[in-house]
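Participant: Take a look at the letters that make up each chain.
Number of protein chains: 2
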Amino acid sequence: MIGVLESVRESISKNQDDIISDLRKLVKHPSISAQNIGIEECAAALNDVMRDSGMTSNIIKLPDGNPIVYGEVKSSSKKTLLLYSHYDVQPVEPLDEWKYNPFSGVVADNKVHGRGAADSKGNVIALIKAAKAFLDTVGEPPVNLKFLIEGEEEISSVNLPDFVKKNKQMLKANASLCFDSSLNPAGMASIYAGLKGLLYLELRCKTAGIDMHSGLAPIIPNPAWRLVSALNSIKNDGRITVDGWYDSVNVPTKEDLALLQDLGYDEKMIKKEYGVKELIGNVTGKEALKKLLFEPTCNIAGIQSGYTSAGSKTVLPNEAFVKLDFRLVYDQNTDDLIKKLRSHLAKRGYTDMTIYKLGAEEPSKTDVNAKIVKAASVAAEKVYKKKPAIFPNMWGSGPDFVFTKILKLESVWTGCSPSYANIHAPNEFTTIKNVLDGVSYASMIIQEFANT
Amino acid sequence: MIGVLESVRESISKNQDDIISDLRKLVKHPSISAQNIGIEECAAALNDVMRDSGMTSNIIKLPDGNPIVYGEVKSSSKKTLLLYSHYDVQPVEPLDEWKYNPFSGVVADNKVHGRGAADSKGNVIALIKAAKAFLDTVGEPPVNLKFLIEGEEEISSVNLPDFVKKNKQMLKANASLCFDSSLNPAGMASIYAGLKGLLYLELRCKTAGIDMHSGLAPIIPNPAWRLVSALNSIKNDGRITVDGWYDSVNVPTKEDLALLQDLGYDEKMIKKEYGVKELIGNVTGKEALKKLLFEPTCNIAGIQSGYTSAGSKTVLPNEAFVKLDFRLVYDQNTDDLIKKLRSHLAKRGYTDMTIYKLGAEEPSKTDVNAKIVKAASVAAEKVYKKKPAIFPNMWGSGPDFVFTKILKLESVWTGCSPSYANIHAPNEFTTIKNVLDGVSYASMIIQEFANT
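Chains as they are written, first to last, in the numbering used here: chain A, 3 to 454; chain B, 3 to 454.
Looking at chain A on its own, in the form it has when it is part of the complex (with noise of 0.2 Å):
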């Protein structure tokens, strides 16, 4: 064991250069799925590089979706382990605030900076180059590979549930490891046996076909003051109050609660590195990790109407419309909450507004004693010489609902980006070592995999 270790290492620390540049080539492709910007450039990119570090790789051009760059590297084990990570990054607004272009990919303090570094196109080669280190050094992985790389994820995925129902025998495997994620503060391996479910709304309000004089306001509607108002019927005080939201909502269970025994959580630190002054109900460790991991919520990502530049402008908005993204927790269901909100919009007499589904993926949830998430804690502690932290769910949501809802496998989130670095914001950044690191825990987790 500590034999492969050192030799993937020993390869890594050669290659390291080339590593290094091809996930500047990757983060020099824009790639952002929500404008659908540079997203055929990406994957073929991604292919080249998944050729050139030896594994059979192609693109699958979808019907109505981003193309899969799907690869295998063949092994004489019989085990089979099904790698999935995402090559699409968020927006970059607001522009103005990133200190390098967010797509130049520059090197500078030993980071590499740009959109998508760290998310999640680090924790991409960190898998490529895991099953060229084998090939390098072994000559094959312990275990077949089946490397998943799809470019919606920051979508919700919206084309990945019905790819992979229709793939079922291409992608069979024996267990799934996602590496999509960030070591926590302390530089320890973040492992997750579970994800929050996403549910990505627009509700739009059309009053009128034009912008009018605000004189009008005593009786003609405004959107603006539609939507604010049935947004707040939506949620109050914290709480949403759309009936029956929380009706299937199944977690924490008494084993989430234990595993959260072992796990802090620093608010301090979120708090110093985001500007904010007081989090919400002033929620302090533990009682703070708990609301992140097992609360659902429902977030205003944008919201607009009417006149938004300087100054002041006397106009009463035609229109209006708010993003809304809702966390969920297993075990949720998108479509009957969709089918709960509309009909708690209707009852309130909100029937002027019309609800698009930007994306839905369900809550995912996997035993923590899996043999999955077990590999990936034994490579974490090798490889980062500390023990890793292993989280009943995470506070961020994935298509991890392919693997286990779908492909019925047990499935494990992890990945080897920094903390704190500024995914979905600006100056976005992963550093050298992270990625250097991440290829060493990748290839552990194969190793450990095919040892159980």
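Hints were generated in silico from the structure; no laboratory data involved.
Nothing here was measured: the structure is a model prediction, and the numbers come from that model.
The reader is advised that the hints may include incorrect statements.
No copy labels: a pair is met if it fits in one copy or bridges any two.
When the alpha-carbon atoms are kept at most 20 Å apart in a straight line, the in silico EDC-like pairs for lysine to aspartate or glutamate are as follows [unchecked claim]:
id, residue 1, residue 2
1, K30, E95
2, K279, D239
3, K273, E321
4, K274, E321
5, K208, D239
Dock chain B against chain A, hints included.
Facilitator: Chain B alone, transformed into the frame defined by chain A:
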């Protein structure tokens, strides 16, 4: 009297091309006060037009505001009429909804198209060319004329009150005529013996230094939700719920209500014009008009937070703002209301909101039996061959209070722009006929006021 109208009309007809050409000159200058675009250039062009039309005129620079263009035409009469209008215009967003470039001043279908054509450069030209008509025909106007044309009407005349306070002697007059409105849909002149006030505020809530991943929503406050909640405390079911907001509302009086009996309101036309399905409370006719004239409002003119481009981005915004315009009725007071709003928000814990005052105009009222109101009424009937609609109040706002409350003058508001001219909206226009009739109308008000 008939003689004056006829000779004025003849002069207007002869100078028709110059009148429209001067209007187009002004429309071609952006002069957007909210965005500080093209102000100086438009003031200079206006000053040229005024001088070329035969009056003394000067650009008066203000220390912190847009210049006032001030002109005079002497008469052998002892009476003086103060004429008011404005050369600044509303912003043009959304630009893609304009058929013609908003500053091209295109003439098509007997209309002059462009931002400001109706609000209020057409009215400014009518006032100037009325003076010119007297100079060209009689040799002098029947009363002394003082022209006060400001560049900040669309941003609540921020600096006008101070300017008027400091120049009481220069502005001394027997009454004021404010030319800044439209005919009614039936082609009758509309005459206003009062105006609503306006309080334009921006509320901002900033909760963090940068935008964050929305997975943090269980513990980090969302400024957009804070704003939605604060807004909901300010207005509920159409009524402003700030403590004491209606305390100083002294209208409608019995006299106001009596005037309302002579007025009609075609709510069907306004619904059709703007593509509005339902008015608030399904009001019709006089009931709709009463609300328009006498109801204080709190309008969301603009709101924004977070990600508002296409598709989805799971972001927890760090800042949110709303632009609110409050229309006020006699005798609410802006300073008093800001205090009340601050105390309302503080009392409910919204200490994370910052309030910026972007504009303030007091409500204003003139006796409907005042000489200047009568003069406008008689002139209107002569020019438009129909009895004018005399309103006890206007549904819009303006700085009338500088005349009634600071200069202690009787004041009337009227104007010559078309109904439904898309003011404050894309595709604003006026018609050539409206402008030329407007010159006659302004001339006749001056003449009738001289006769009183």
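Participant: Work down the list of hints and note, for each, if the structure agrees.
Facilitator: Now the hints, each set against the structure:
no.: 1; hint: K30 / E95; result: within (17 Å within a copy, 34 Å between copies)
no.: 2; hint: K279 / D239; result: within (19 Å within a copy, 33 Å between copies)
no.: 3; hint: K273 / E321; result: between (35 Å within a copy, 16 Å between copies)
no.: 4; hint: K274 / E321; result: between (37 Å within a copy, 17 Å between copies)
no.: 5; hint: K208 / D239; result: between (27 Å within a copy, 18 Å between copies)
Checked against the numbered hints listed earlier, the structure breaks none of them; every hint is satisfied.
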